[in-house]
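Just so you know, the sequences run in chain order A and F.
Residues 8 to 331 (the numbering used here) make up the first sequence, in order.
Residues 8 to 331 (the numbering used here) make up the second sequence, in order.
If you are wondering where the hints come from, they were derived from the structure by calculation, not from laboratory data.
In this text, all values refer to a predicted model and were calculated from it rather than measured experimentally.
The beta carbon of each residue, even a glycine, is placed where N, CA and C say it ideally should be.
Treat the hints with caution; some may be incorrect.
[Unchecked claim] Pulled a few chain F residues facing chain A out of the computed Cβ check, cut under 8 Å:
hint : residue
1    : 25
2    : 26
3    : 29
4    : 32
5    : 36
6    : 282
7    : 286
8    : 297
9    : 312
10   : 317
2 protein chains.
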Amino acid sequence: MGNRRALARAISLVEDDQPEGPQILSDLYAHTGRAHVIGVTGSPGAGKSTLVNALARSYRAAGLTVGVIAVDPSSPFSGGALLGDRIRMRDLTGDPGVFIRSMASRGSLGGLARATFDVVQLMDAAGFDRILVETVGAGQAEVEIAEAAHTTIVVEAPGMGDEVQTFKAGLLEIADILVVNKADRSDVDRTVLALQAMQSLGSAAAAHHHLTVDERPGPGRQPDGSWLPPIVKTVAAEGRGIETVRGWAEEHARYLRETNGYARHEGQRAAASIRHILYERLPAMLLARLPEGYWERMIRDVVNRDVAPHAAVDALLRAGNWLG
Amino acid sequence: MGNRRALARAISLVEDDQPEGPQILSDLYAHTGRAHVIGVTGSPGAGKSTLVNALARSYRAAGLTVGVIAVDPSSPFSGGALLGDRIRMRDLTGDPGVFIRSMASRGSLGGLARATFDVVQLMDAAGFDRILVETVGAGQAEVEIAEAAHTTIVVEAPGMGDEVQTFKAGLLEIADILVVNKADRSDVDRTVLALQAMQSLGSAAAAHHHLTVDERPGPGRQPDGSWLPPIVKTVAAEGRGIETVRGWAEEHARYLRETNGYARHEGQRAAASIRHILYERLPAMLLARLPEGYWERMIRDVVNRDVAPHAAVDALLRAGNWLG
Numbered sequence: 008m009g010n011r012r013a014l015a016r017a018i019s020l021v022e023d024d025q026p027e028g029p030q031i032l033s034d035l036y037a038h039t040g041r042a043h044v045i046g047v048t049g050s051p052g053a054g055k056s057t058l059v060n061a062l063a064r065s066y067r068a069a070g071l072t073v074g075v076i077a078v079d080p081s082s083p084f085s086g087g088a089l090l091g092d093r094i095r096m097r098d099l100t101g102d103p104g105v106f107i108r109s110m111a112s113r114g115s116l117g118g119l120a121r122a123t124f125d126v127v128q129l130m131d132a133a134g135f136d137r138i139l140v141e142t143v144g145a146g147q148a149e150v151e152i153a154e155a156a157h158t159t160i161v162v163e164a165p166g167m168g169d170e171v172q173t174f175k176a177g178l179l180e181i182a183d184i185l186v187v188n189k190a191d192r193s194d195v196d197r198t199v200l201a202l203q204a205m206q207s208l209g210s211a212a213a214a215h216h217h218l219t220v221d222e223r224p225g226p227g228r229q230p231d232g233s234w235l236p237p238i239v240k241t242v243a244a245e246g247r248g249i250e251t252v253r254g255w256a257e258e259h260a261r262y263l264r265e266t267n268g269y270a271r272h273e274g275q276r277a278a279a280s281i282r283h284i285l286y287e288r289l290p291a292m293l294l295a296r297l298p299e300g301y302w303e304r305m306i307r308d309v310v311n312r313d314v315a316p317h318a319a320v321d322a323l324l325r326a327g328n329w330l331g
Numbered sequence: 008m009g010n011r012r013a014l015a016r017a018i019s020l021v022e023d024d025q026p027e028g029p030q031i032l033s034d035l036y037a038h039t040g041r042a043h044v045i046g047v048t049g050s051p052g053a054g055k056s057t058l059v060n061a062l063a064r065s066y067r068a069a070g071l072t073v074g075v076i077a078v079d080p081s082s083p084f085s086g087g088a089l090l091g092d093r094i095r096m097r098d099l100t101g102d103p104g105v106f107i108r109s110m111a112s113r114g115s116l117g118g119l120a121r122a123t124f125d126v127v128q129l130m131d132a133a134g135f136d137r138i139l140v141e142t143v144g145a146g147q148a149e150v151e152i153a154e155a156a157h158t159t160i161v162v163e164a165p166g167m168g169d170e171v172q173t174f175k176a177g178l179l180e181i182a183d184i185l186v187v188n189k190a191d192r193s194d195v196d197r198t199v200l201a202l203q204a205m206q207s208l209g210s211a212a213a214a215h216h217h218l219t220v221d222e223r224p225g226p227g228r229q230p231d232g233s234w235l236p237p238i239v240k241t242v243a244a245e246g247r248g249i250e251t252v253r254g255w256a257e258e259h260a261r262y263l264r265e266t267n268g269y270a271r272h273e274g275q276r277a278a279a280s281i282r283h284i285l286y287e288r289l290p291a292m293l294l295a296r297l298p299e300g301y302w303e304r305m306i307r308d309v310v311n312r313d314v315a316p317h318a319a320v321d322a323l324l325r326a327g328n329w330l331g
């Protein structure tokens, strides 16, 4: 429990951009790289939080510890912006093998992704076996966070309409596991068929389009070494299908380790971590190098249409002596 | 129509990061600043696209030209990722006073916001009177885009559940006009009451909490110079309530011009434009200054846990000679 309080304090320091944050992260970094990071994404109403809750309990039953990071402000884990950091997922609280953290929405563009990456590292260093990151399936920073997970679960729900189907098209590409939640609804098979149809437009299935349906290999690892996302039906609120999802998540982790997928993912995560820190630090560094009042004058010139934004950036770079 | 083709070409150059983009934007910048930019945001299923469509027709009927930018990939204006740039809003196409553009989702963090700002400028320079920017009401880049509009309309729909209500809490703060769409549903009044209750927690209403309900001023401009967002019920699919929304949008533009709100907004937009260009250019500039293979070596060191990401950034800044 002492450790737990230390973790909570470290997360707060990192989230609040306190000067100690980078040093803590650097000190702990050698202890990271053990956790399997699982992104759970999908639009509001699909039941992401319920699935995350059920998955966390399933991992606990299997003797594994779980960190949960809720990036989605609509998540019950977050409790919404009005309720702040309060946690409504009662059945997980009080269990020392579970650590739940919701990310307050961040002011600066890129700040959310950077802070989420940092908190993943802190939970990883603290020894949690699995880290579940819940993000709303819309928004550029949020999709980038989901992509940085080792395994990405995209959650659908039946009957969310044609509009939502197309909306998800962009998410299909990043899914390692597709979950159709609320599978007790009558139109679940229509949703599964729609997902299969979209999948068959993708490259993995297209590789053996000359095969009849029966000849096609099942989902998961394919003979050619690629990964075909399984489609799993769940009723997360009743715990149905959760063991299957967990089984596929473990299978996907094995697949990544046995191919070079894990190393590739780790490289992507490292590059993304560095990029997000650069996004935050470089503009701040430039501003610090400008002459007094220069930034304000440039904004005024842009507002007055005397200088265009791109030209203003050139001027700022010159003024900060950052060109050439 | 020649102008129209030139605009489409300019947008493509800017979106695709072609080298001509910044020059075109700079050349045209002096002609911007005339359009009233209206952000329309809200979660999938609230009917944003239908509202945008109806608003655009309403503006056309009033003799004004309209640019539409759909940032939400689920928008029928976008047609979803599978259908690319195809436009399904038939009743607007073919009208030379309307220009519709959907933004393809962008690879780099911050790229979406930067490109959207650029396209707003191009449409503004092309002389469109009103520019409607539709964004999904989730995601950091997307909220930042909505905030950059002069007037932000947040769309709700009844019966989207408690989860969605809290989700919207963050959006309430950026709303200048609140629209409860699909107001023919039975639970519309519950939604309106919930919004009013949330509003009364805010500062504008709190200022006169000692007044009884009847004594309170109506929405819009308040005696103290602040703005209390009106709550408008619409059935966008049937055009009901649309004239009221348009009326409030015009009223809000007047309010901004008569207070210092417009200048403040323009300053925020200018600062955001510059920031987004910096976000894209600074990391690229740093990479270009690094010794051959340095970036790849640093990624490998981070993956191997020999160097922490924050320390890697310090090393990159030193190697690019950007410290001190």
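Each hint tested on the structure:
For residue 25 of chain F, the interface hint is violated, since its Cβ never comes within 8 Å of a Cβ in chain A; the closest pair sits about 13 Å apart. Taking 8 Å as the C-beta cut-off, the interface hint given for residue 26 of chain F is violated, the closest approach to chain A being about 12 Å. For the restraint placing residue 29 of chain F at the interface with chain A, the shortest Cβ-Cβ distance is roughly 4 Å, inside the 8 Å limit, so the hint holds. The beta carbon of residue 32 of chain F is positioned within 8 Å of a beta carbon in chain A (closest approach about 6 Å), and the interface hint is therefore held.
The interface hint given for residue 36 of chain F holds, since its Cβ lies 3 Å from the closest Cβ of chain A, which is under the 8 Å cut-off. The closest approach between the C-beta of residue 282 of chain F and any C-beta of chain A is roughly 6 Å, which is under the 8 Å cut-off, so the hint is satisfied. Residue-level restraint check for residue 286 of chain F holds (minimum Cβ-Cβ distance to chain A is 6 Å; threshold 8 Å). A hinted interface residue such as residue 297 of chain F counts as satisfied when its beta carbon comes closer than 8 Å to some beta carbon of chain A; here the least separation is about 12 Å, so the hint is violated.
The beta carbon of residue 312 of chain F comes within 5 Å of a beta carbon in chain A, closer than 8 Å, and the hint placing it at the interface holds. Interface hint at residue 317 of chain F: satisfied, since its Cβ lies 4 Å from the closest Cβ of chain A, which is below the 8 Å cut-off.
In terms of the numbered hints stated before, the structure departs from hints 1, 2, 8, listed from lowest to highest.
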